[in-house]
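With chain A fixed as given, assemble chain B onto it according to the hints.
Number of protein chains: 2
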Amino acid sequence: MLSAKSLVKALLIREKYSRLAYHRFPRTTSQYLCSMQDEKWRVEDEVYPDFHSPPEENEDPYNLDDAPDNLDYVIKIKGGIPFVYDNKEMMELNEPRSLPYPDLETYTLDLSHVLALIADGPTKTYCHRRLNFLESKFSLHEMLNEMSEFKELKSNPHRDFYNVRKVDTHIHAAACMNQKHLLRFIKHTYQTEPDRIVAEKKGKKMTLKQVFESLHMDPYDLTVDSLDVHAGRQTFHRFDKFNSKYNPVGASELRDLYLKTENYIGGEYFARMVKEVARELEESKYQYTEPRLSIYGRSPDEWLNLAKWFIKHKVYSPNMRWIIQVPRIYDIFRSKNILPSFGKMLENIFVPLFEATINPKDHRELHLFLKYVTGFDSVDDESKHSGHMFSDKSLNPDLWTSEKNPPYSYYLYYMYANIMLLNNLRRERGMCTFLFRPHCGEAGSITHLVSAFLTADNISHGLLLKKSPVLQYLYYLAQIPIAMSPLSNNSLFLEYSKNPLREFLHKGLHVSLSTDDPMQFHYTKEALMEEYAIAAQVWKLSTCDLCEIARNSVLQSGLSDKEKQKFLGVNYCKEGPEGNDIRKTNVAQIRMAFRYETLCNELSFLSDAMRTEEISTLTK
Amino acid sequence: MLSAKSLVKALLIREKYSRLAYHRFPRTTSQYLCSMQDEKWRVEDEVYPDFHSPPEENEDPYNLDDAPDNLDYVIKIKGGIPFVYDNKEMMELNEPRSLPYPDLETYTLDLSHVLALIADGPTKTYCHRRLNFLESKFSLHEMLNEMSEFKELKSNPHRDFYNVRKVDTHIHAAACMNQKHLLRFIKHTYQTEPDRIVAEKKGKKMTLKQVFESLHMDPYDLTVDSLDVHAGRQTFHRFDKFNSKYNPVGASELRDLYLKTENYIGGEYFARMVKEVARELEESKYQYTEPRLSIYGRSPDEWLNLAKWFIKHKVYSPNMRWIIQVPRIYDIFRSKNILPSFGKMLENIFVPLFEATINPKDHRELHLFLKYVTGFDSVDDESKHSGHMFSDKSLNPDLWTSEKNPPYSYYLYYMYANIMLLNNLRRERGMCTFLFRPHCGEAGSITHLVSAFLTADNISHGLLLKKSPVLQYLYYLAQIPIAMSPLSNNSLFLEYSKNPLREFLHKGLHVSLSTDDPMQFHYTKEALMEEYAIAAQVWKLSTCDLCEIARNSVLQSGLSDKEKQKFLGVNYCKEGPEGNDIRKTNVAQIRMAFRYETLCNELSFLSDAMRTEEISTLTK
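Protein chains in written order, with the working numbering: chain A, 1 to 620; chain B, 621 to 1240.
Worth flagging that the hints you see were computed from the coordinates, not collected in a lab. Since the structure is predicted, the reported quantities are computational estimates derived from the model, not experimental observations. Treat each hint with caution, since some may be false.
Said to hold, decoys possible - Derived lysine-lysine pairs resembling DSBU-like cross-links, with alpha carbons at most 35 Å apart: (1) A/LYS154 x B/LYS825; (2) B/LYS824 x A/LYS151; (3) B/LYS880 x A/LYS285; (4) A/LYS137 x B/LYS1160; (5) B/LYS1145 x A/LYS241; (6) A/LYS540 x B/LYS1086; (7) A/LYS154 x B/LYS956; (8) B/LYS1160 x A/LYS467; (9) A/LYS154 x B/LYS880; (10) B/LYS1186 x A/LYS209; (11) A/LYS9 x A/LYS76; (12) B/LYS861 x A/LYS525; (13) A/LYS275 x B/LYS1145; (14) B/LYS905 x A/LYS275; (15) A/LYS151 x B/LYS956; (16) A/LYS540 x B/LYS861; (17) A/LYS384 x B/LYS774; (18) B/LYS774 x A/LYS336.
Unchecked claim - Over the 12 Å line for every Cβ pair with chain B, so calculated as not near, a few chain A residues: (19) TRP41; (20) GLU44; (21) MET206; (22) GLU355; (23) SER616.
In this text, a Cβ means the ideal position worked out from N, Cα and C, and glycines have one as well.
The following block holds chain A by itself, in its conformation from the complex (with noise of 0.2 Å):
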């Protein structure tokens, strides 16, 4: 096929599925794509995701009795895909609901149409020139406007980089504090409870004190080096290493005890600490973050347990939305023997999501925790290989019983598929939806990065869009926000002047800066402001590049509708100048207008290059 034509496939096949979902698509794209097909665009047809609005301050965030009414559907996955019936008998009959079921065949076709496009020459090419005219081109936007766009920064009464509103767009809940911040917790709680029970270990009860002597260890001699969370030169390419940078000390009892919501405090101090952060966050009126809690699929209780533990510990803040991680972490649950198959850890991941959203009276504190959960991330190390190919001829995870882990698009198929259907049963009963916010391209293979521009709303990294110009261009043209952590690639996979986000930015991909682990990555108690900073010295950006970012990292996010007028303007859901208003944003109008009308030129290069290639079809 030809490459225009192909690229536009591409952007089609992303547009379905992203309406499917109730994931974003930008509209600009959206209307040349009609125009291109000769159909008319409607804003009727846009689909938007729902979002929670955040109580408003007389309001009890942990509200229970608002539950609505209960329905008579049953859910049932099979084969990995959730199907809901109108009833029991429905059921029997086999006989699901009209929902847009995801479909295997086309999904593997889909996928495929995009891997061919990627690998074909003449494509290639042609996105790889695009690129660097996009490059090209913002150099010189730079250096005729800079100094206007600054004017027009410095005549904006009131707002600057330090009151735009920034949102840490990928962040793990289980590192949101930084090491500092963690050691003196560690160290407060065993000054002021040292005789408080605080695991069981064989049956035998421990206080803390007990924990640390079984240790060999005195809290008040500890320091972040002998914590030993910080990520150094050691954690380069050593994702393992990575890894066990979670328990502090190198004690796994203690990541336990800390870190995790399930333990038994019930999770108590890791909420402080959570809280502790959400705190500064508050006061620091500008900054929100979407930290990943972990639901892992090993048993269906994961989920009440989680809602219980973020009820009974107040852990609601305004400035906090929460995202659910799903580690892919199959092969060891399986070689432990806790799951029998792929098909019963989706199972235990999503069934409980469907019987709270059919009868959420029966489930009150998962429907409450959902409000605040706005959508889902799929996280572990990309470089691991997968021997596996993923194609319509693979087992289906009710099949999928050996110790083998699936590969990374067989997991982000499956994921979508109930996010997606979840999405339309909850938008059918008015409550919100959920987005796919999968960890993508970080490392591994560069098909990642196809299975994500299929399934996901957005992602955490890109970096190997760097090695593939088509699927570069394609994730610009459809504006798909990368939530990218330079700071966290530094110590893990990418020196940090060789990072893209700079070039990213440049050609005018949709980027926001996040911090992954502050934990793990920072030094200062303003993660988020070191993440800034850094980019901003190291890169030379200027305070309009900042504010770009910044907004980009709203627009992201999954701050609800009200919150983005607030923050970005009332028209925000428009693109081009008109979406942006500079008294809240800060983002120059020369800026914007130079993003929207790069858009539409290379949209509308793309429509007559079609054209072109159809003619000379034609005509042979």
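Same frame as chain A, but now just chain B:
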């Protein structure tokens, strides 16, 4: 002359000048120099600067009553050199006291020795090779011992990078707050005291409100962008633009009002901001700072005014030690006819100090203030070219009446001469002495680093040591402390990634990290931590590296002997591992031993080379 012998001679020259001025010279190097001369090294011959110990908690830091008695001594500056006489009669007889008067002829001879040396081919090769060797040796050390060093630190109780003492060794008081702090302060004053009379313009008194009205601005709308004090890409290689960044909103009126010690409100606002910075340091506990305050030499009153400002506004803080910076801007004052000659400028700067030293009872305020002053800095744009070549034929300062600015080395020689004599007089009286700590090697001619090699105790910047292997090696052998500010350089003279700090540190030069101007360069509230964090991230410095830099900063600083004992260990004056108390510094003994052995090795290599040269000359 032979290469090794010339290097030794250069070191001996520096030792001589250091000794005269009560500057520091490393014991190890001194011992080797003695043995090379077949002299016996004696600990009694060592000189040390004297710094005033900070007052105890129950003592009044502003106590004006303990000034020592006046003497009959008379001071007179002739040709830029101060002469001290026992009394008026002796002055009339022109018989000055026997103090070590610096001799211009010797000085220029010594200078030319080092100047010839740095241009000498074989010496360049020798030094270049030694420096390469030092760098490779450190790499090897790192590969072999990195984990052992970290193990040592991990088992070091209670001390880590966060609670080792760090001194910000180079910072300008007028830029010691960050941009956000200044902004908030301006807004606060406007809100709380708009009707206060704060300025007088052409005889008309103006309230704060009127000042802002005359500038057509409303402080409520002010942002860090409109404040425009932050350096950006526009300041790179534009020191002139950088200097104008000291004017908030580009208005010198606001600089006068908020950032000066002398103005209508007696520098109150400036004092309040400095004190806010000091309070933060005191709370953080482990950070100290050495801010520079300006003495211009326009009038002899400047000193008294500064001392009164200090006492009136109670600016003392245990976490601050003051440095006086003298801008090299004689040409500006001369062209405005404020000064008749360069000699007069020197008189205005130094005569008040001699008078306060001789007659402290008549100059109680200045005598008190000088207790908290630990040194002098010489500041301005080094890249400005000077047409004049300093030699013993140069006009003496009294005759320097032209509008041309004297060259860098001329400034340095006369400042050194005055400080040196002042120190001798103060030592005689049991008063604290001062260090000469000029800005040097930030830009401009490499010869600046030669002048400082003789006259300075330590320098700020030192970037240009990159360009001269001979000087770099001499700075290494003499362990001359260098306060480096890579973030400042990044905005002004050299991109971060090209900064030689990491290389210097590896080779074993005595480097510390400093902020220079948080107002212009930093983003976060903790400027010094930002500096350390960025260096750590970009250069992947280890904890041991960071703690070594922090230890260097304390050594380099003007903190008193008592404080240094407390922060570094009682033996801090000793060199090598003996002088290091890991429990206080968190620097691994393995590292200390490596540094010490390496320095000894280089010195003994030099000693051997000298003997070989001698023998080969004899046998020729």
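Results for each hint:
Of the supplied pair hints, the one linking A/LYS154 and B/LYS825 holds, its CA atoms being roughly 29 Å apart against a limit of 35 Å. Under the criterion of a C-alpha separation no larger than 35 Å, the hint pairing B/LYS824 with A/LYS151 is consistent with the structure, at around 33 Å. Among the hinted pairs, B/LYS880 with A/LYS285 is consistent with the structure: their alpha-carbon atoms are about 32 Å apart, no more than 35 Å. For the given pair, A/LYS137 sits about 34 Å from B/LYS1160 by alpha-carbon distance, which is consistent with the 35 Å threshold.
At roughly 32 Å between alpha-carbon atoms, B/LYS1145 and A/LYS241 fall within 35 Å of each other, so this suggested pair holds. Taking the CA atoms of A/LYS540 and B/LYS1086, the gap is near 23 Å; set against the 35 Å cutoff, the hint holds. At roughly 34 Å between alpha-carbon atoms, A/LYS154 and B/LYS956 fall within 35 Å of each other, so this suggested pair holds. Note on B/LYS1160 and A/LYS467: the hinted pairing holds, with a Cα-Cα distance of about 25 Å set against a maximum of 35 Å.
About 25 Å separates the Cα atoms of A/LYS154 and B/LYS880, which keeps this hinted pair within 35 Å; it holds. Proposed proximity of B/LYS1186 and A/LYS209 is supported: the alpha carbons are some 32 Å apart, at most 35 Å. Distance check on the hinted pair: A/LYS9 and A/LYS76 sit about 34 Å apart at the alpha-carbon level, within 35 Å; holds. Distance check on the hinted pair: B/LYS861 and A/LYS525 sit about 32 Å apart at the alpha-carbon level, within 35 Å; holds.
A threshold of 35 Å between alpha carbons decides the hint, and for A/LYS275 with B/LYS1145 the separation of about 22 Å falls inside it, so the pair holds. Distance hint between B/LYS905 and A/LYS275 is fulfilled; the C-alpha atoms sit about 25 Å from each other, no more than 35 Å. A threshold of 35 Å between alpha carbons decides the hint, and for A/LYS151 with B/LYS956 the separation of about 34 Å falls inside it, so the pair holds. Simply put, A/LYS540 and B/LYS861 have alpha-carbon atoms about 17 Å apart, close enough for the 35 Å limit, and the pair holds.
Pair hint A/LYS384 plus B/LYS774 holds up; C-alpha atoms about 31 Å apart against a cutoff of 35 Å. Restraint check for B/LYS774 and A/LYS336: satisfied, since their Cα atoms lie roughly 34 Å apart, inside the 35 Å limit. Under the 12 Å C-beta cut-off, the non-interface status given to A/TRP41 relative to chain B holds; the minimum distance is some 37 Å. Listed as outside the interface, A/GLU44 is consistent with that label: its C-beta sits roughly 40 Å from the nearest C-beta of chain B, beyond the 12 Å cut-off.
Every beta carbon of chain B lies more than 12 Å from that of A/MET206, the smallest distance being close to 23 Å; the non-interface claim holds. Non-interface call for A/GLU355 relative to chain B: holds, since the shortest CB-CB distance, roughly 45 Å, exceeds 12 Å. The Cβ of A/SER616 sits about 45 Å from the closest Cβ of chain B, beyond the 12 Å cut-off, so the non-interface label holds.
Of the numbered hints listed earlier, not one is contradicted by the structure.
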